[in-house]
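Chains as they are written, first to last, in this note's numbering: chain A, 1 to 364; chain B, 365 to 711.
Hints listed in this document are in silico derivations from the structure and should not be mistaken for laboratory results.
The reader is advised that the hints may include incorrect statements.
[Stated by the list, open to error] Under the rule of at most 16 Å between Cα atoms (straight-line distance), these lysine to aspartate or glutamate pairs were calculated in the EDC-like manner:
| no. | chain 1 | residue 1 | chain 2 | residue 2 |
| --- | --- | --- | --- | --- |
| 1 | A | 334 | B | 384 |
| 2 | A | 181 | A | 95 |
| 3 | A | 222 | A | 10 |
| 4 | A | 286 | A | 336 |
| 5 | A | 325 | B | 683 |
| 6 | A | 264 | A | 46 |
| 7 | A | 334 | B | 645 |
| 8 | B | 436 | B | 407 |
[As the list claims (entries may be wrong)] Here are a few chain A residues that sit away from chain B, every Cβ distance over 12 Å (derived from the structure):
| no. | residue |
| --- | --- |
| 9 | 11 |
| 10 | 23 |
| 11 | 133 |
| 12 | 214 |
| 13 | 260 |
| 14 | 330 |
All C-beta atoms in this analysis are idealised placements derived from N, C-alpha and C, irrespective of residue type, glycine included.
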Amino acid sequence: MAVVTALRFDLNHGALCIDRESWHIWRRKTYFSDHLYLLVEEGMADEHGLELAYAGVGHPAFHLEVCERARPLIHDYVTKGGKPEAEKAAHLVMEAFSEAHRRRINDKLRFLYGFGGEELLAGQFTHHETTTPINQDLVKQRALAILKGTEAPGYAPLAPPIEACIVGIDRHHGFSAYVIKDADGVVSFQSCGFEAIGQGRVAAAEQFSKYLNRMFLDQRRKGLGRDEGWLVLLEATLEACDHFGQVGGGVRAVELNAEGAKRKDRVRLLSDHPAKLALEIVRAAKETLLPRRDAIDLITMLVDKEGDFPAVERELFSRASNVIKLEKVLRSYKVDTAPLPQGRGVLSWLELPISSSAREGGGK
Amino acid sequence: MTSINAIRFDAFSGAMICDEQRHWNPEKLKVYAADKIRPVIPESLTNRYRFVAAYGNTGTSTIGDEMRLTIKRRVQADYDRLVETTGEPPTEFMSMENLARMVFELMVEIKHRHINEELRHYYGFDTAEFCAGRLTRNGKESKIANSQVLADAHDKIALDPSRGTQNAVFNNAGILAGFHPRSGFRIFLFSMREHFFEPVESGFVSQGSGGDSTNFVLPRLFNTLKDDQREGHLDRLEGLMLSIEAINTASQVNLGVGGYFNLLLFDGRAEPKTMLREINDHRIKLSCEVVAAVGNQLLERATAKQILDKIIYGDGNLDEAETILFERCLDRERLHRLLRGYPLGAA
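Could you build all of it, start to finish, from the sequences and the hints given here?
What follows is the structure in structure tokens.
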């Protein structure tokens with residue numbers, strides 16, 4: 001989880017996407033770390049139309065703790081009559097974020113020295129019922145470094161800085177998005193309709209800007225629209241996966257729709273094989289092996305679950321302009337350097353229609 | 365981050381294999397343009413003395429490139445000096461052991477040059493002056509007395525490996541492998557991190573971030589070999605499959621390993637022009653897929669060896685090889701998705 005991307009599709013729709021790769025114990029990759037959480041329980045969400053999705057980069061356990069703290073905060077706030085708005089909920093998440101941050105710091109200080117952050121600020125602590133001053137310069141120096149976050153409180157050595165993106169919908173304001181960064185300690189509004197955080201943010205942001213830069217202000221205010229929005233969101237994430245270390249392993253994504261009456265209409269999740277296939281569709285379009293319009297159609301089929309995974313997979317290969325090149329691209333071959341192997345039987349399991357152009361053994 | 369590996373098949377032959385991924389700058393931009401293992405004996409010397417060798421480096425890309433290029437130039441320069449001295453080409457030239465010593469001396473030279481540049485940049489003195497505790501400038505001698513400067517300078521000069529601090533110069537390791545008629549096929553390991561070089565006695569060696577998993581895979585076979593096999597009678601196809609399996613695993617499990625691999629095959633029995641062959645095109649890519657198929661129980665081992673023998677050791681046609689792979693695999697749908705990066709365990 002080293003990139004999170006978010007995009008506003010229009011006033012009431014948007015989505016969040018996170019990669020699944022994580023690095024452990026200095027050198028090992030895993031492909032299931034994608035800390036994407038829904039923070040409002042279904043019953044409350046149905047009643048109030050409020051949904052919040054959270055995705056973080058950096059230390060996985062930190063994000064789990066933030067979400068476990070945030071859920072009861074949001075629940076209590078709404079139950080007690082608070083206005084069910086995404087912005088307020090995001091600020092409650094910030095509260096949980098700060099608590100998780102301070103908890104780790106206090107635990108580390110107590111482990112090392114027997115006092116926590118508040119006691120450090122007071123310059124004294126209670127030890128065996130005795131008030132003890134904190135006088136030792138070496139102790140104060142190191143404790144302050146821990147308090148300020150210049151010394152990490154137990155995060156994996158290669159974890160990217162801890163940041164999180166929150167997307168939300170509510171009946172009052174439609175779609176909105178926010179960012180929290182551990183280094184800053186504040187919750188910021190999403191600006192310009194997109195967000196990209198983590199190790200792969202530069203590549204993702206560059207991809208977003210390619211579209212947004214070409215739009216008039218009025219168009220940007222309206223948004224890209226849901227269908228094209230999904231393609232652009234996945235393109236940005238794929239760029240990050242392709243070009244930055246620590247990013248990859250597939251993705252998970254969630255779409256929020258403020259117009260949905262029930263959760264299944266308000267929240268659409270893309271994960272597992274369909275998410276992997278969505279990235280393959282994006283890659284096919286990127287390599288100009290699939291028209292953009294077809295890519296949008298196929299991704300929509302996956303997100304709306306209108307077609308099952310094998311059916312959409314077959315469609316991808318059926319619609320490709322060069323199925324041999326496509327399947328080699330998807331197998332990570334270098335396709336432009338030398339003639340590609342063209343074995344028989346490679347795609348026979350797909351049972352592609354005979355009319356499929358340049359099918360196996362066919363044109364180049 | 366890297367995987368570089370070497371394996372000995374017998375007294376005349378062996379292999380090296382590496383990936384091509386580089387992380388550029390702290391942003392860790394992925395670039396598949398690294399050239400991690402390179403031949404270091406000029407072709408003319410291979411033709412004359414039947415001597416081939418290659419050096420691979422892991423750590424800082426620029427240090428690795430400096431090593432690889434300089435070794436080859438140094439070998440040529442040493443030869444040219446001998447010819448100039450005696451007036452004719454020597455009857456014998458070098459050995460793997462001599463080459464290994466030369467590589468280590470070069471490592472020492474590079475280490476001192478880089479560290480001295482850094483010391484002069486920050487403090488105006490070099491390692492020798494640090495050791496003396498004084499420097500002389502414009503005829504005037506002055507002591508190096510500041511305790512923090514002394515501590516910092518010593519850190520730069522003699523970084524303690526247990527401290528684990530990232531350092532561009534120290535954070536390097538290398539593997540040299542090759543064949544010389546006097547030495548046979550030999551492998552040597554170098555470490556700037558721990559400041560040594562040594563012959564590899566175990567039949568294989570692996571370095572880089574990928575070493576985390578290659579060092580599980582490679583011993584798996586070696587643990588089962590009888591003594592005479594381990595000491596140098598390993599079937600070349602078994603050795604090849606093992607090397608590819610190791611680096612395949614590293615690219616899956618470890619950070620910083622990826623792209624197309626470069627496979628170097630050494631054969632002291634071959635004609636000079638084929639004593640060292642490099643394979644880094646679609647043949648290695650397809651070979652990796654074949655080995656992955658075996659590892660996921662989608663292809664029989666014997667079929668895999670048949671394919672590899674054709675395309676790596678022979679002039680086999682890639683179309684035919686891929687046809688065999690897919691026609692004989694146990695489940696084409698699963699295989700194709702595996703090769704596209706889908707997790708096979710999921711429904």
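Results of checking the hints against the structure:
1. A:334 with B:384: Holds: residue 334 (chain A) and residue 384 (chain B) sit about 13 Å apart, inside 16 Å.
2. A:181 with A:95: holds (13 Å)
3. A:222 with A:10: holds (5 Å)
4. A:286 with A:336: holds (14 Å)
5. A:325 with B:683: holds (14 Å)
6. A:264 with A:46: holds (10 Å)
7. A:334 with B:645: holds (9 Å)
8. B:436 with B:407: Measuring from Cα to Cα gives roughly 10 Å; hence the hint holds.
9. 11: holds (34 Å)
10. 23: The claim is violated: residue 23 (chain A) sits with its nearest Cβ about 5 Å from chain B, within 12 Å.
11. 133: holds (28 Å)
12. 214: holds (25 Å)
13. 260: holds (27 Å)
14. 330: The assertion about residue 330 (chain A) is violated, with a minimum of 5 Å to chain B.
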